[in-house]
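*Asks:* If you read the protein sequences in the order shown, they are chains V and U.
Numbered according to my numbering, the first sequence spans residues 1 to 243.
Numbered according to my numbering, the second sequence spans residues 1 to 243.
Every clue listed holds true.
The list that follows gives simulated cross-link-like pairs (lysine-lysine, PhoX-like), each with its CA atoms no further than 20 angstroms apart:
| no. | chain 1 | residue 1 | chain 2 | residue 2 |
| --- | --- | --- | --- | --- |
| 1 | U | 237 | V | 237 |
| 2 | U | 222 | U | 208 |
| 3 | V | 222 | U | 237 |
| 4 | U | 53 | U | 12 |
| 5 | U | 234 | U | 222 |
| 6 | U | 193 | U | 208 |
| 7 | V | 53 | U | 182 |
| 8 | U | 222 | V | 237 |
| 9 | V | 12 | V | 53 |
| 10 | U | 187 | U | 208 |
| 11 | V | 67 | V | 12 |
| 12 | U | 53 | V | 182 |
| 13 | V | 182 | U | 55 |
| 14 | V | 234 | U | 237 |
| 15 | V | 234 | V | 222 |
| 16 | V | 8 | V | 193 |
| 17 | V | 67 | V | 55 |
| 18 | U | 234 | V | 237 |
| 19 | V | 187 | V | 208 |
| 20 | V | 55 | U | 182 |
| 21 | U | 234 | V | 234 |
| 22 | U | 16 | U | 67 |
| 23 | V | 208 | V | 193 |
| 24 | U | 67 | U | 55 |
| 25 | U | 67 | U | 12 |
| 26 | V | 53 | V | 67 |
| 27 | V | 208 | V | 222 |
| 28 | U | 53 | U | 16 |
| 29 | U | 53 | U | 67 |
No lab work stands behind these hints: they were computed from the structure.
Protein chains: 2
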Amino acid sequence: MDSLRNRKSIRKYSNKEVSEELLNSLLTDAFRASNTGNMQTYSVIVTRSEQQKEKLLPFHFNQPSIKTAPVVLTFCVDFRRFSRWCVESGAEPGYNNYLSFYSATIDSMLAAQTFAVAAEDAGLGLCFFGTTNYNAEGIIDALELPELVFPVTTVTVGWPAENPSQSDRLDPLGLIHQETYKDVDVKALYAYKESLPEMQKFVEENGKPSLAHVFTDVRYTKANNEFFSDALLKAIKRQGFIF
Amino acid sequence: MDSLRNRKSIRKYSNKEVSEELLNSLLTDAFRASNTGNMQTYSVIVTRSEQQKEKLLPFHFNQPSIKTAPVVLTFCVDFRRFSRWCVESGAEPGYNNYLSFYSATIDSMLAAQTFAVAAEDAGLGLCFFGTTNYNAEGIIDALELPELVFPVTTVTVGWPAENPSQSDRLDPLGLIHQETYKDVDVKALYAYKESLPEMQKFVEENGKPSLAHVFTDVRYTKANNEFFSDALLKAIKRQGFIF
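The following block holds chain V by itself, in its conformation from the complex (with noise of 0.2 angstroms):
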């Protein structure tokens, strides 16, 4: 499909609106993706009051598209909507825990994917925000989430007001293992991305000695991963989900 082969994620949008009726019709779309037992145990958090953009804005470090979106959506694990039907039809359920907890993860993430595509083939652009695991406890508040409900990706989506160039990818054979696992040469694979321009200019920025020393020593260092997976993991206990 060349709309997904020749994608970009865009941050600058026009000020034209995104109606309800089109994002309901995309979410629809979405929602039709495949999900574990059919019990659709997402929900989606629409944003478009100036006022929650800015509740929302600091747990998004500041990125600048949370409020120039017209619409920032938050897609969530939710076990609580199908909890409250098990309790109402008087059955006992059993949700909060780990397990359904990653599943409906992965529930999650084929519905937001699935509305991505439907956006991008409709002419919208769109861009993911990974802050939503940074700071998942401040979404949380912000966007008044009950137990057995999770934040687990953002999505900013409008019309496009930019047409920037495709970002790199590695060579697609350096991704794929044929009957069991097996290691690459990844400095081969790494040397065209490390080749690029743009890449020399980002290693030069940042005074490092090799492009992999900006991801690990500037852009995801350990500290921070470290730092962030405690505040993720208190935060999903927060929500009920017990491990």
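Given chain V, put chain U in place with the hints provided.
*Replies:* Below, chain U without anything else, positioned relative to chain V:
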């Protein structure tokens, strides 16, 4: 997109081969999906051999399509390749933590679902297997996954040899929340599902008082969820993600 809205999972496949060329082309599309910091921390294991399918089969609870599908794909978190590149570049990777594991799970799912959309658009049929999260340890052994590699989801792929009716979905408005999370009337939301003849048959066959009881007492029980939660957490730790 009609292809998204009309999709259904396919578990029966014709004998027609899925060529390596087509598969690699679809996976190339999949790897264009959004991902954290463009680190592409995932791998895909392709299972075609009878011997490997036999090994995987018990860990997918002997579901026959694992054997009858021409291709079985296991999408995996892979922080090993990236970490090896860091080490070979003289940098010190710090990705053996829960945040890295969870964000790579999300990135694996973005790729997996993009693959699914591309494959279905090409006329292939597929089915996701949640069993991967139940029996991760067995799958790790069968696919020889080393440290920092973890199986997230499995997809069987082939040319459709069945045309099942589409499964039901909840009213999408019950899953979409404006600005903040709000509880919905669950009995009203589930009334349509509960009214379906196949669901009523399901309740009767299981001798349960309600459809919810079939989920809590038969399909996804608290005891099983807790048992498999422990196994899942153990497997994540075994692969070197510390938490």
